[in-house]
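Enquirer: Sequence:
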Amino acid sequence: MSTAFRKKTAIALLLLSSSLASNATVQINEVMPCNLSTLMDKDNYNFSGYIEFTNDGGNDVNLKGYTLVHFKKGSSKYSEKWTWKIDTDFIVSKGKFTLLWADETDKTNHAPYKLDTDGGYLLLKKEGAVIDSFAYGKQAPHVSFGRFGTGSGYMEPSPEAENTTAYEKITQCQAPVFSEKGGLKTGQFELNLTCATKGATIYYTTDGTEPNSESKVFDGGLAISKNSNIRAIAYADGMLPSAIATNSYIFEDSRHEECGGFNLPIISITVDDHYFNDNTIGMCVVGTNGVVGDKECLSSKANFNRDWKRPINFEYIVNGEQVLSQEVEAAVEGGCSRGTSRKSLSLKASKKSGNDELGYHFFEAKPELTHQTVHLRNGGSAYTKVRFRDGLMQTFAIPMNIDYQAYQPVAYYINGKYNGLMALMERANADYVKANYGLDDDEIDLVTVSDDNGIGASKGSADGYHELVEFLETEDSQTEAFYNEACRRIDMDEYIDYQVFEQFIANVDWPGNNTKMWRERKPGSRFRWIVYDTDYGLGIPGFTNIVTSEKNLILWCRGEGPTSWASNKAWMTTIFKHLSNNPQFGKKFTTKFLIHLTTSFSEERINTVIDSVTSMVENEYCADVHTSAKEEAEHMRVFALERRPNILLHLQKYMSTGDPVDFELKSNVEGAHFTINKETVEGFKGKYLAGFDSEFRAYPPVGY
Numbered sequence: 001m002s003t004a005f006r007k008k009t010a011i012a013l014l015l016l017s018s019s020l021a022s023n024a025t026v027q028i029n030e031v032m033p034c035n036l037s038t039l040m041d042k043d044n045y046n047f048s049g050y051i052e053f054t055n056d057g058g059n060d061v062n063l064k065g066y067t068l069v070h071f072k073k074g075s076s077k078y079s080e081k082w083t084w085k086i087d088t089d090f091i092v093s094k095g096k097f098t099l100l101w102a103d104e105t106d107k108t109n110h111a112p113y114k115l116d117t118d119g120g121y122l123l124l125k126k127e128g129a130v131i132d133s134f135a136y137g138k139q140a141p142h143v144s145f146g147r148f149g150t151g152s153g154y155m156e157p158s159p160e161a162e163n164t165t166a167y168e169k170i171t172q173c174q175a176p177v178f179s180e181k182g183g184l185k186t187g188q189f190e191l192n193l194t195c196a197t198k199g200a201t202i203y204y205t206t207d208g209t210e211p212n213s214e215s216k217v218f219d220g221g222l223a224i225s226k227n228s229n230i231r232a233i234a235y236a237d238g239m240l241p242s243a244i245a246t247n248s249y250i251f252e253d254s255r256h257e258e259c260g261g262f263n264l265p266i267i268s269i270t271v272d273d274h275y276f277n278d279n280t281i282g283m284c285v286v287g288t289n290g291v292v293g294d295k296e297c298l299s300s301k302a303n304f305n306r307d308w309k310r311p312i313n314f315e316y317i318v319n320g321e322q323v324l325s326q327e328v329e330a331a332v333e334g335g336c337s338r339g340t341s342r343k344s345l346s347l348k349a350s351k352k353s354g355n356d357e358l359g360y361h362f363f364e365a366k367p368e369l370t371h372q373t374v375h376l377r378n379g380g381s382a383y384t385k386v387r388f389r390d391g392l393m394q395t396f397a398i399p400m401n402i403d404y405q406a407y408q409p410v411a412y413y414i415n416g417k418y419n420g421l422m423a424l425m426e427r428a429n430a431d432y433v434k435a436n437y438g439l440d441d442d443e444i445d446l447v448t449v450s451d452d453n454g455i456g457a458s459k460g461s462a463d464g465y466h467e468l469v470e471f472l473e474t475e476d477s478q479t480e481a482f483y484n485e486a487c488r489r490i491d492m493d494e495y496i497d498y499q500v501f502e503q504f505i506a507n508v509d510w511p512g513n514n515t516k517m518w519r520e521r522k523p524g525s526r527f528r529w530i531v532y533d534t535d536y537g538l539g540i541p542g543f544t545n546i547v548t549s550e551k552n553l554i555l556w557c558r559g560e561g562p563t564s565w566a567s568n569k570a571w572m573t574t575i576f577k578h579l580s581n582n583p584q585f586g587k588k589f590t591t592k593f594l595i596h597l598t599t600s601f602s603e604e605r606i607n608t609v610i611d612s613v614t615s616m617v618e619n620e621y622c623a624d625v626h627t628s629a630k631e632e633a634e635h636m637r638v639f640a641l642e643r644r645p646n647i648l649l650h651l652q653k654y655m656s657t658g659d660p661v662d663f664e665l666k667s668n669v670e671g672a673h674f675t676i677n678k679e680t681v682e683g684f685k686g687k688y689l690a691g692f693d694s695e696f697r698a699y700p701p702v703g704y
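Position 197 (the sequence shown) corresponds to 197 in the numbering used here; numbering is contiguous.
Honestly, the hints are just simulated from the structure, not real lab data.
Since the model is a prediction, treat every value here as computed from it, not as a measurement.
One should not assume that every hint holds.
Okay, derived cross-link-like pairs now, DSS-like style, lysine-lysine, Cα gap no bigger than 27 Å in a straight line [unchecked claim]:
1) LYS351 / LYS169
2) LYS77 / LYS126
3) LYS351 / LYS434
4) LYS96 / LYS42
5) LYS459 / LYS522
6) LYS295 / LYS459
7) LYS72 / LYS459
8) LYS107 / LYS81
9) LYS434 / LYS114
10) LYS138 / LYS85
Distance ranges between label pairs, derived from CB positions [to be verified]:
11) ILE170 / ASN607: 39 to 47 Å
12) THR194 / HIS635: 49 to 57 Å
13) SER179 / ASN263: 22 to 30 Å
14) GLY260 / THR108: 54 to 62 Å
Ideal Cβ positions, reconstructed from N, Cα and C, are used throughout, including at glycine.
Required output: the full structure, derived from the provided sequences and hints.
Expert: Given below as structure tokens:
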């Protein structure tokens with residue numbers, strides 16, 4: 001298609017829009033794909049994109065049976081995004097403005113699709129005849145696109161009201177500039193705000209709310225001497241308001257001073273408090289507008305069980321200096337941990353919020369990766385206190401061939417209030433696959449296994465998973481052909497390392513829960529597993545009836561012996577059970593486990609990882625819970641060291657031949673434990689794995 005033809009097509013669409021608008025009774029009046037915080041949909045209590053209709057006729061019009069077609073705008077042409085025949089009553093009242101929420105919800109006055117933020121074209125049709133059309137350009141947060149006079153353009157949003165002045169281009173006032181950048185501060189200072197746009201007026205807030213033209217006018221320096229969150233916006237005649245600028249100023253408190261000061265990055269969230277704590281719309285409280293959660297532990301109604309997103313400003317402060325300040329959306333995450341006072345949050349950037357990537361590389365172990373979403377994690381429901389458990393355990397996985405979540409401990413503030421030590425981690429969802437493998441949502445199958453919800457696909461389809469299980473359960477597991485076919489469906493090197501990791505830490509909240517696997521959606525692709533939520537690993541004080549360092553996870557993962565909620569149903573353990581019946585798998589699994597006992601889980605590395613992580617979080621742990629992280633993690637160290645000889649005994653039982661291997665007994669400060677060295681492993685291999693030529697990929701350590 002020639003460039004001239006594409007231009008003529010675009011012009012024809014716009015002329016069609018104008019000509020139809022002059023005759024239409026029902027018209028599309030305004031669209032807002034990037035409704036970040038303008039108007040909340042009171043059906044779902046979310047900020048969703050919308051299409052506004054008007055009716056200048058003499059009667060109400062029911063659009064049920066009409067068809068709405070959405071074309072998205074590519075780099076050079078329009079292409080169809082979706083077509084929807086309106087199948088419920090949708091009344092556009094005469095003389096009024098009526099909103100259709102485009103939020104993928106199957107409700108009255110809601111479309112089961114979303115609007116494209118890169119620009120698009122809408123057609124409203126009845127029985128094949130075009131009733132109205134509407135073209136809009138690339139969108140930005142807090143800005144809508146609507147009709148104005150005989151034209152259309154960008155404008156301040158006016159849902160359910162007369163449209164405001166529209167501009168051909170997004171012509172915004174320059175954002176306010178702060179004389180002092182956000183970060184750690186000492187002593188009082190004077191803060192000044194300026195704007196490069198001539199004649200602009202600056203408005204600001206100090207309570208976390210978004211500023212607007214009704215906020216305080218900045219007319220002189222602000223004295224800052226305590227934790228403060230300042231948000232500012234600028235207005236000028238003849239243009240749209242500026243973007244909102246936000247800076248947080250954090251001062252060292254007495255508890256941090258007593259504990260050695262800040263040595264971790266700081267996350268500062270600035271938010272309208274109603275979005276977190278209001279009884280009706282607050283997503284972090286029980287509130288009065290809740291629903292029952294999807295787990296037994298969430299059987300009482302609560303707002304925090306809702307699938308809500310709230311606009312926030314996310315600042316990241318490293319070595320006292322602000323390195324990121326970005327508008328994003330936050331949502332409560334987790335299972336049973338939602339019931340704890342300190343909520344886990346996902347922090348997501350998107351085109352809706354202005355940028356679909358977070359503007360900083362957070363993780364030393366994966367320094368080149370960019371992320372759309374990160375997980376601010378509270379430490380899980382098993383431990384409201386030991387907030388570094390999951391991060392510590394996943395650190396062991398760094399040199400292994402596993403899809404693990406990178407970890408960075410942080411100090412956490414909301415609107416200047418200290419909220420303690422938290423774990424910043426990669427989020428174990430489609431965003432993880434995008435960041436680590438460059439695959440989009442529509443290119444993958446992502447399957448989740450949950451003790452309460454069973455098996456389902458959050459992206460793509462679970463068909464490949466069910467086909468894998470059917471194969472494993474119906475074919476002869478003793479043959480070499482069985483193993484080869486399993487390897488065609490599973491990235492076996494990764495799966496075995498994944499099993500080794502989870503079984504060593506004795507994660508008893510798995511595998512029938514907290515299990516996710518993904519594959520690229522194309523012929524020949526293989527499943528990989530993502531490690532997440534390991535809080536029940538490395539021993540649970542007070543839960544010795546469930547797990548001790550002697551726990552045989554090989555049997556647990558086969559659904560044999562004493563089981564619990566995460567392994568007591570056949571579908572939870574069927575993959576490992578059938579694979580572990582195969583001789584080739586058994587030898588490779590055993591060999592790799594032995595190798596990892598002398599590398600990833602050697603006594604030296606256990607001590608190194610635990611010492612490194614606890615030293616990193618010690619100051620913040622002290623400031624948060626007033627105890628020592630090193631002391632709190634000691635039971636994990638003892639559990640891990642005691643686990644090593646028990647694993648060898650479990651492997652010996654699994655291979656089920658010959659007499660027990662002779663172990664050298666060694667005594668140290670933690671008490672008696674078995675020494676496992678390379679000579680012990682080689683002796684084991686010679687006795688139980690004779691003739692097996694082990695081949696597996698080497699993954700050099702990164703970071704630790």
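Enquirer: Honestly, which of those hints from before does the structure not fit?
Expert: Of the numbered hints, just 11 does not hold.
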